[in-house]
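Going down the list, the protein sequences come from chains H and D.
Going by the numbering used here, the residue at position 204 of the first sequence is 190; the numbering climbs one at a time, nothing skipped.
Going by the numbering used here, the residue at position 187 of the second sequence is 1251; the numbering climbs one at a time, nothing skipped.
If you're looking for bench data, these hints aren't it; they were derived computationally from the structure.
Among the hints, erroneous ones may be present.
Straight-line C-alpha distance at most 30 Å; calculated DSSO-like pairs for lysine-lysine [unchecked claim]:
id, chain 1, residue 1, chain 2, residue 2
1, H, K176, H, K255
2, H, K176, H, K109
3, H, K255, D, K1089
4, H, K21, H, K176
5, D, K1089, H, K21
6, H, K21, H, K58
In case you want the letters, here they are:
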Amino acid sequence: MENEVSTGTGRVKRGMAEMLKGGVIMDVVNVEQAKIAEDAGAVAVMALERVPADIRAEGGVSRMSDPDMIDKIIAAVSIPVMAKARIGHFAEAQVLESLGVDYIDESEVLTPADYSNHIDKWKFTVPFVCGATNLGEALRRLTEGAAMIRSKGEAGTGDVSNAVTHMRKIRSEVMRLSSMSADEVFVAAKELQAPYDLVAEVARTGTLPTVLFTAGGIATPADAAMMMQLGADGVFVGSGIFKSGNPAERANAVVQATTHFDNPDVVAKVSRGLGEAMVGINVADIPVHHRLEDRGW
Amino acid sequence: MSSVPVIGVLALQGGIREHLDALAKSGAESRPVKTSEQLHDVDALVIPGGESSTIEKLARKSEMLEPLREAIKGRMPIFGSCAGMILLADRVVGAIEGQESIGGLDITVERNAFGRQMQSFESGIAIMGIRDSQRDFDGVFIRAPWVLETGNGCEVIARISSGPHEGRIVGVRSDTMLATSFHPELTADYRVHEMFVEMVRNL
């Protein structure tokens, strides 16, 4: 019997994200950090040249990482490797696909390359994750072919408040949709600025059709546990681990807290003796035009 | 065994919800299992897909590895998909340093054998022993392992039927254990879960 073998299908792309659920994806800038992350139980690593905290501190244009650095990390670990492309920079995404990364993050943490359009993600075999601050934004990214959504938060700050806002916002908008009568969903689609079919699907099922992770400002085990209780399917940790006093211990603690998010005894136990957390920046102290949540449209 | 068996899903990391749903739709009562106490309250267990190295570490730190091995020795029926297959294999090729498997199934599994996410694929496969088995099953393979060899008491129930990996073993069972390289929980076809529920009922 001849059976067709299909790669890059919606099921394979979204299914990959389903398999990351309940896990922690960690930003790493070199092989040593990637190995620490893998040993701590990360479900994947995000290879990038500078963590968001350093991008903030150093400023300038932030771009896709050096292919050599990504290659080395792919060679060093056996867990999935993700990498970031600038918003709208489809050629960076093409390069990352040719390197064989497992997921591309079209990320507001890098400097946007296109202030009108995001990448047409349907053209790729590799799946994409995109950030969102609200349901309409999440559904627009899905329309463009994203297979996984994460909250944006305010990366590189260690301030979890924006991640909380985004997660609560997305969840409450989903709940609001699911309580609407059919005739109200038409207007909801207009207001959300998202295609009617996708809006109607969310209204019917009461859930996003993809996995929803949280990201941006998560720095402690309790941060991770709170975001999971707010309905996140899993956690991205950027600067929070490798900008802290004891990365290996903290990485392990965040992994444990993400799995046992509903058990305060475990979260308390793993929170002990972690040393210094990353030095934080209050989101309110960041000039509005330097905030990442407004990047992406 | 009661006609509606209680089947747990190891709920440390991975595609837990999908297995809970599929089991509930296949005639079982399903519930998440995170602790050894919860393990004692179920008739059978599913180890879901996910990241095998992560699930193994979480199981070790939650002091679940030994209780799981004891349960398998005591002939508790277990089904593992993808990462679950790796964790049930007696021998693993390509494991990360220090990664232990739970073991119990006399097979050798190669981790990420089909390649990275770019090579993840869907393909129709024939599975022996499921209901309506002449109809192909939609196999969803995500950074999937394959079985290099099977030992005593293991029966091959599925192989890749075409393409570059034709003939590779992707499904095995023994009298109490079932393992697949692919993810039946990601489809709305419950025949593999039904077969497992049947195995549990018949023990």
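Any hints this thing doesn't respect? Which numbers, in order?
1, 3, 4, 5
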